[in-house]
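Following the hints, position chain B against chain R.
2 protein chains.
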Amino acid sequence: MDMQTSFLDRLFDKGLLIDTGVDGLYGRSGQFEDVIAGFERLIGTVGGADKAEVIRFPPGINRAYFEKSGYMKSFPQLAGTVHSFCGCELDHVSLIKSMDEGTDWTKDQKITDIVLTPAACYPLYPTIAKRGNLPASGGLYDIQSYCFRHEPSKDPARQQLFRMREYVCMGTESDVTEFRQLWMDRGVEMMEKIGLDVKIDIANDPFFGRAGKMLANNQRDQNLKFELLIPVTSTTNQTACMSFNYHQDAFGAKWGLNLENGDVAHTACVGFGLERIALALFAKHGLDVEAWPQPVRDALWG
Amino acid sequence: MDMQTSFLDRLFDKGLLIDTGVDGLYGRSGQFEDVIAGFERLIGTVGGADKAEVIRFPPGINRAYFEKSGYMKSFPQLAGTVHSFCGCELDHVSLIKSMDEGTDWTKDQKITDIVLTPAACYPLYPTIAKRGNLPASGGLYDIQSYCFRHEPSKDPARQQLFRMREYVCMGTESDVTEFRQLWMDRGVEMMEKIGLDVKIDIANDPFFGRAGKMLANNQRDQNLKFELLIPVTSTTNQTACMSFNYHQDAFGAKWGLNLENGDVAHTACVGFGLERIALALFAKHGLDVEAWPQPVRDALWG
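Chains R and B supply the protein sequences, listed in that same order.
When you number the first sequence by my numbering, it's gap-free, plus one each residue, and the end is 303.
When you number the second sequence by my numbering, it's gap-free, plus one each residue, and the end is 303.
Pulled out of the complex, with its shape left as it was, chain R reads as follows (with noise of 0.2 Å):
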């Protein structure tokens, strides 16, 4: 924790993230957001070719969506609902006096049709199921938005609101496992481009509760979802900065997401931590940008 909160310290004190008295909600000033774009710029150059279909979501996802997907079973300490105060004059009367007051004004708070989005990909598969069979080449999209989870950190790489960069692949199992692997290469490459070490691991995500430890052993045992792992804090503990994932048919049950022939989609995708990447860079070639070597900005801004 303290080499954490030291890096947490020595960023806001460089002004890259500022504080806005929340851990996990933070600020970010115009360099940090340049290396964002670089990286994005980067993972352009290496997926552009692959012509995916580019959608961008908000960062909020239709409730029905929401609660079909399942994301309440396994991590429901993570997700976000959006409520808002729906009263009448008297009951707002009474919210501003509670408000002055400083006692709960929150009750008359009722839940809206929108969740914020857990994982940029949620949105996207019965927004894909929606259109109709896939062709026989199956579908490629690329994928990017701010997501939340409610995990207040002093480890500035476990923040609140976060962007991840995705590809999602849609296809028969070699389609997508296939690229799964791609993606595996490409990501090891690239962070080699940028001066970063990492190793690949079988993920560990924090499922909730006893019954969550059979969801994580089986998400280990079938080899699910891998992640790449990058020191930022700790060599010992590193941080996932990418991750692997191949749901089988699952997805692709659930939202009848179907190929020409019928058969059940399967589906993988490749997501990017967008500011857990920019604060490995950081962390491993300093908080001064201009100072980087050489290789590396070429790498990040052409």
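Keep in mind that the hints were calculated from the coordinates and are not lab data.
This structure is a prediction, so every number in the text was calculated from the model and none was measured.
Glycine included, every Cβ here is placed at the ideal spot set by N, Cα and C.
Mixed in with the good hints there might be a few duds.
[To be verified] Which stretches of chain B does chain R cover? Using the computed rule of at least three CB atoms under 8 Å from a CB of chain R, they are: (1) 19–26; (2) 67–79; (3) 95–101.
[To be verified] Covered stretches of chain B, as calculated for chain R (at least 3 residues, CB under 8 Å): (4) 45–56; (5) 106–113; (6) 142–152; (7) 161–169; (8) 197–211.
Chain B only, in chain R's frame:
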């Protein structure tokens, strides 16, 4: 309403916006995003020489800041608070049971420390105040984020999650009123460059309830907020695509923003509704960007 629904349907058909099943919550195609990026580039060519400090906040704000801002006094119906599950394993079992049975599962969702950002500049004022007194030359900031307003609508120009780009000026009364006038002139010129017909008028914000009428009258009588209006789905009921706000010393006094000489800072902000401007372009020049007039394309993409 018919014109709005029909424009929305045409945007869906063309794939520029993507239906997510919730009014006002839409995905965007790569083409739609290119228009937004082009307009942000144009903003940069106009405002870049002013050397504003670039700060990017995520789409959420510290709830303590939000509460102090007074937003719940004026627009309680529009705000979105973020709630998370904070229960134990037994609560989780009952949550999942409710979800399976289709009954209300949200009773153990507790408010978090984060509220969705209602306007891009809200997190800025307390952030700058924490730095101490402003320099004699004041401060100028370049801000952009997704914002949330709970107002489901079939009007594509009234989205629940949308992006707002802002410049914010802090300084003497004459500094910030000159800044506001400068951007009113620039805004008109920019919109002319991209072939949009504009007019500037006094704003008419949807303050809540009967008490809100007084706030609305005050805003109008003191010329505190102007809007740049463009026809999107209607020529008689035009869409506010920019706003020009003079806060007098209200934000300075609330947040403790002081000038070098100890005077309370005056503040003003100028906001671009990025989705609305993109929609105004599609409404005026058609849904096929390749067919837009060359001068408009040049202004956006150089």
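Going through the hints against the structure:
1. Check on the stretch 19–26 of chain B: 6 of its residues sit with their Cβ under 8 Å from a Cβ of chain R, so the three-residue criterion for coverage holds.
2. Here's how the stretch 67–79 of chain B fares: 6 of its residues keep a CB closer than 8 Å to some CB of chain R, so the rule of at least three is met and the hint holds.
3. For a cut-off of 8 Å, the count of residues in the stretch 95–101 of chain B with a CB near a CB of chain R stands at 3, and the three-residue condition holds.
4. Only when three residues or more bring their CB closer than 8 Å to a CB of chain R does the claim for the stretch 45–56 of chain B stand; here the count is 3, and the claim holds.
5. Here's how the stretch 106–113 of chain B fares: 5 of its residues keep a CB closer than 8 Å to some CB of chain R, so the rule of at least three is met and the hint holds.
6. For the stretch 142–152 of chain B, the stated coverage by chain R is satisfied: 4 residues place a CB nearer than 8 Å to a CB of that chain, which reaches the threshold of 3.
7. Coverage of a stretch by a chain is defined here by at least three residues with a beta carbon nearer than 8 Å to that chain's beta carbons; for the stretch 161–169 of chain B and chain R the count is 3, and the condition holds.
8. Under a criterion of three residues with beta carbons nearer than 8 Å to beta carbons of chain R, the stated coverage of the stretch 197–211 of chain B is upheld, 3 such residues being counted.
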